[in-house]
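Residue numbers (the numbering used here), protein chains in the order written: chain A, 35 to 314; chain B, 1052 to 1466; chain C, 4 to 312.
What the hints contain is simulated information worked out from the structure, not anything from laboratory work.
Check each hint, because a few of them may be wrong.
Under the rule of at most 20 Å between Cα atoms (straight-line distance), these lysine to aspartate or glutamate pairs were calculated in the EDC-like manner [what the hints assert, rightly or not]:
id : chain 1 : residue 1 : chain 2 : residue 2
1  : A       : K222      : C       : E61
2  : C       : K25       : A       : E95
3  : A       : K203      : C       : E31
4  : B       : K1325     : A       : E98
5  : B       : K1359     : A       : E76
6  : A       : K222      : C       : E31
7  : C       : K248      : A       : E154
8  : B       : K1325     : A       : E76
9  : B       : K1376     : B       : D1157
10 : B       : K1325     : A       : E95
11 : A       : K259      : B       : D1118
12 : B       : K1377     : B       : D1169
Among chain A residues calculated to face chain B with C-beta under 10 Å, some are [stated by the list, open to error]:
id : residue
13 : T75
14 : M134
15 : F253
16 : S256
Positions of the beta carbon are idealized from the N, C-alpha and C atoms, including for glycine.
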Amino acid sequence: MTQGQLDRLKRAMWVLSLSILAIPFVFPFLWMVSSGFKSATEIFGQPSLVPRIWRWTNFVEVFEYQPFAQQYFNSLYIAGLVTVLTLILSSLAGYALARMRFAGAGLLMLFLVSALMVPEEVTIIPNFFLMRWLGLMDTHGPLVLLPVFGPHGVMATFLMRQYFVALPKELEEAGRMDGLSRLGIWWKIALPMSRPALAAVAIITFLFSWNLFLEPLVFISSLEKFTLPLALANFTDAYGLPLWHLQLAATSLAVVPILIVYLIAQRQIIESFAMSGVKG
Amino acid sequence: MRKALKSLTVSTLALSLATGYAMAEDLRFTVWTGNEAHLDMLNGIADGFEAKHPGTTVTFETIPAGDYVQKLTFQLAGGNPPDLGWMFEDSMPTFVAAGAVEPLTDTLENAEAYDLADFSDPAMSLWKEDGEIFGVPFSTSPFMVFYNKDMFDAAGLEDPLTLAEKGEWTLEKFRDVAKALTKPEERFWGFEFKDGQGYDTRIMHAVMPPIRAYGGNGWSNGECGFEKAEAVEAVEMLHQMVFEDKSIVPPGEQGDYFSGSSAMTINQISRASKMPEAGFEWGIAPLPSGPAGEAPVIGQAGLVVFAKSDNKERAKQFIAWMTNKKNVEVMAQFFPPARVSVLESDAFTEANALIPPEQMKHVAAAIKEGEVLPSHERAPQILAAMKPRFDALWRADADVEASLKAICDAIRPQL
Amino acid sequence: MATADDTSAMARHTRVPWLTLKRRETIEAWLFVSPTLIGFLIFFLGPLIAVVIYSMSEWNLLSGGQVFVGLANYRDALAENPDFWHVIRNSVIFAMGLVPMNMALALILAIALSRPRRGVVFFRTVFFAPVVTSAVAWAIVWKFLLQGEGGTVNQLLALVGVNGPNWLREPDWAMAAVIVTRVIKMVGLNMILYIAALQSIPRDYEEAARLEGATGWQVFRMVTWPLLAPTTLIIMVITTIGSFKVFDHIYLMTGGGPENGTLVLAFYIYEQAFEFFNVGYASALAMIMFVIVLMLTIVQLLLRQRGAT
């Protein structure tokens, strides 16, 4: 066998083995979408990736079954709001921790870092009573406040700090010469230079909020205030049985747009997760 | 972002408006139905009440059935209590024991032309505690056998209704026909537990009808009944049907009666609404009788006023209004009544467009005789303790008697 | 006008010696961190302290009464309630199944996908896709695929003559199913962390080893693996802690069943607090979870220190 043949064989093996490994990663998505088009009876019939009859009406029924459009919008605007707030707060705090020398900084860091390790399940019970006291039960308030100020917000702060630390000092000094305040430097110099970090925080935060489940489960009770994950889990008939065809149609509607965005911006998105993970 | 803020302000506005109305007695009423026909009917009943009490409004709020008790408890504990609502039979003792629901006896006794005695005694037993009424059943629905007549005809078998009329509808007969109708290679079963959930959320609905027909009970007066001889025999029969006859849809399998995969199931008559689209001839019959004779089982749902409500008196009046004779007749189109006068009227047997009067007679009889499933103030814990042990029972090689004993051992501390 | 000028001048005068540049910087810095810090105190640290207090009370959400009972809830969990140790056992099995499988697969994928060549981007995208997907959607789809005989996975297995088990109805298979589907969901994250680490290893090291006649496996054993050690340690700790936090996956796929076979700590806390409304007992469980995670973190720090020296 020549070297060329050997290389081609190696490559074929590489492609083949990765393709086999990829099956359980791709298959659920394909099956989800295809089953979303099937009828309740066909879904458990002979397995076939292509529905015998394409039931487009499933996708109409999804919206009739519960206020799905409203729930979709809820998830979008909450994730948007959480993202914007997290960006502002984490970059402010991250900037101070990275570029300013102040008494108590070290202690503060240690204090904050401890939060990264504490699961939400530990604090959710007292937060339930806190939110009740604040009159925020069955509102979107907890779904904004807890991600922004909880461990996720701290993680974002550290990510921003990590990036700010590496920025060259000279630019800030130039800014100070021009008479900029600290806030001005943060806004006009530090932030524009930190686009990759901001993008990373934005991406991870958006997805974090978008996929949040425990908090909505505990704090939201009205159908029209549900977020998507809650809504998806709620496709059961009046007696608690899954309505698989509708559930899978709705799940497709929730997942496919995110997947499309992911496919377009996969490099950026994967890098964002890499940035947030490495520092852990 | 701006849109988001806008919607936030709008919802705050809506919130403050809502609290503003609360002053003018807006009654919040939680239900677990999202069905529009149900809600239209409820709103119609509320309209009459609002006309009598100007300034009062009634708003129905749907909470999905699966989360109903949890979300309701959150609202009660979360400082956002509804005024009144529907209540599942198995949650009722918990709410009564926790002091979360209001006594209604005074209001009902003094309500105009109410005739409290018209409610049948067995139907009220669950909703009373120490002589005080805490809830009024609005739906008293017996469990009936639904059967696929086409399948019986094709197999040349007499259907359950015919057998019942002849007095031959027994558990043995039930087992025989179920076995005869099962066609494993085509994935047809003789019988499916209620909604296919007999191994999950409907354990009690699966095992209680035969246990009662054998003369047993799940538990009563703090004593566990599952390990007693009657219950063991009954559950052994079911176990053999699942794993030897293979005539009952087994765990983890889909054999939906309503789409024609099983010849029989047990369910409440509200499920008849699913039948027109099923595409086969069907009928309903009483539960098969056993060594202890006939033992109809009913499921109930009631109306309660929450102790945390700010408008208790008005809410109690609304319950009296909703369950007066006229409105019980109105509700009878969806919810079988507990008022004997309505039950005995022709209006009831003819009220159901889907079920012929001769079958409705069996429904009415079952309501009058039927017993509710065993209940308990610690029902959630009992069910949680039972669930894993029942999982162990539903295995082909399980020792039924030992499993039932294990169930009793697990729930005894709670009883 | 004049007075205003005077006072501000005075103020400036008196302030100057106090407000040194350093102090000014400190105040500004605290202002910058204050929104994050205040929110953190209210929504995180406060609740963390509260949960300690709750854990010492008998408290039912529905009836509302709160009674101080000391350590009774802890005694109940550790010594009286047999469910608790069953739950701990499940959580440990879950972690011991998930962590090694996740890390091994992540490393294999990372090695296969760390060098630039045609197709790498495609495969990376594929293996990472479940990470951006909602855990709820993922659990729903897999629960559907893993139904008993009618389920798609078993129907496909039947095509190749394998009689698949009733995945979510047998305790052991259910545990295996939730572990494997969780690994598939999350392995992409560890894969990219490993890829980043592999790419930061200078190529010369490996080439030098190869020139000395080392086989591929030897290069990996003697060069790559030791250099990956810090990354491996971090990944191990993150993944282990993550495995203790898994809630939605279990909630939706098995609800802790069958036979409590997948009842893990995070789900048990939720169930006790928000389904049985035992606030006190659930808080004690939350504290136990906190201690477990804390210990894991300390072990990690110790290991790191030992690795550094």
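Each hint, compared with the structure:
At roughly 54 Å between alpha-carbon atoms, K222 of chain A and E61 of chain C are farther apart than 20 Å, so this suggested pair is violated. Between K25 of chain C and E95 of chain A the CA atoms are separated by roughly 64 Å; this puts the pair beyond 20 Å, and the hint is violated. Taking the CA atoms of K203 of chain A and E31 of chain C, the gap is about 18 Å. The hint holds against a cut of 20 Å. A distance of roughly 18 Å separates the Cα atoms of K1325 of chain B and E98 of chain A; the hinted pair therefore holds under the 20 Å criterion.
For the suggested pair K1359 of chain B and E76 of chain A, the alpha carbons sit about 48 Å apart, so the restraint of at most 20 Å is broken. For the hint linking K222 of chain A to E31 of chain C, the alpha-carbon distance of about 17 Å falls within 20 Å, and the restraint holds. Distance check on the hinted pair: K248 of chain C and E154 of chain A sit about 8 Å apart at the alpha-carbon level, within 20 Å; holds. Using a Cα cut-off of 20 Å, the hinted pair K1325 of chain B and E76 of chain A holds, with the two alpha carbons roughly 18 Å apart.
In summary, the hint linking K1376 of chain B to D1157 of chain B is supported, as the alpha carbons are separated by about 18 Å, within the 20 Å threshold. Only pairs whose Cα atoms come within 20 Å are accepted, and K1325 of chain B paired with E95 of chain A is accepted, the gap being roughly 16 Å. Of the supplied pair hints, the one linking K259 of chain A and D1118 of chain B holds, its CA atoms being roughly 15 Å apart against a limit of 20 Å. In summary, the hint linking K1377 of chain B to D1169 of chain B is supported, as the alpha carbons are separated by about 13 Å, within the 20 Å threshold.
Below 10 Å, beta-carbon pairs count as interface contacts, and T75 of chain A has one with chain B at about 5 Å; its hint therefore holds. This hint is violated: M134 of chain A has a C-beta 28 Å from the nearest C-beta of chain B, more than the 10 Å allowed. Hint status for F253 of chain A relative to chain B: holds, with the closest Cβ pair at about 8 Å, below 10 Å. Residue-level restraint check for S256 of chain A holds (minimum Cβ-Cβ distance to chain B is 7 Å; threshold 10 Å).
Checked against the numbered hints given earlier, the structure breaks hints 1, 2, 5 and 14 and satisfies all the rest.
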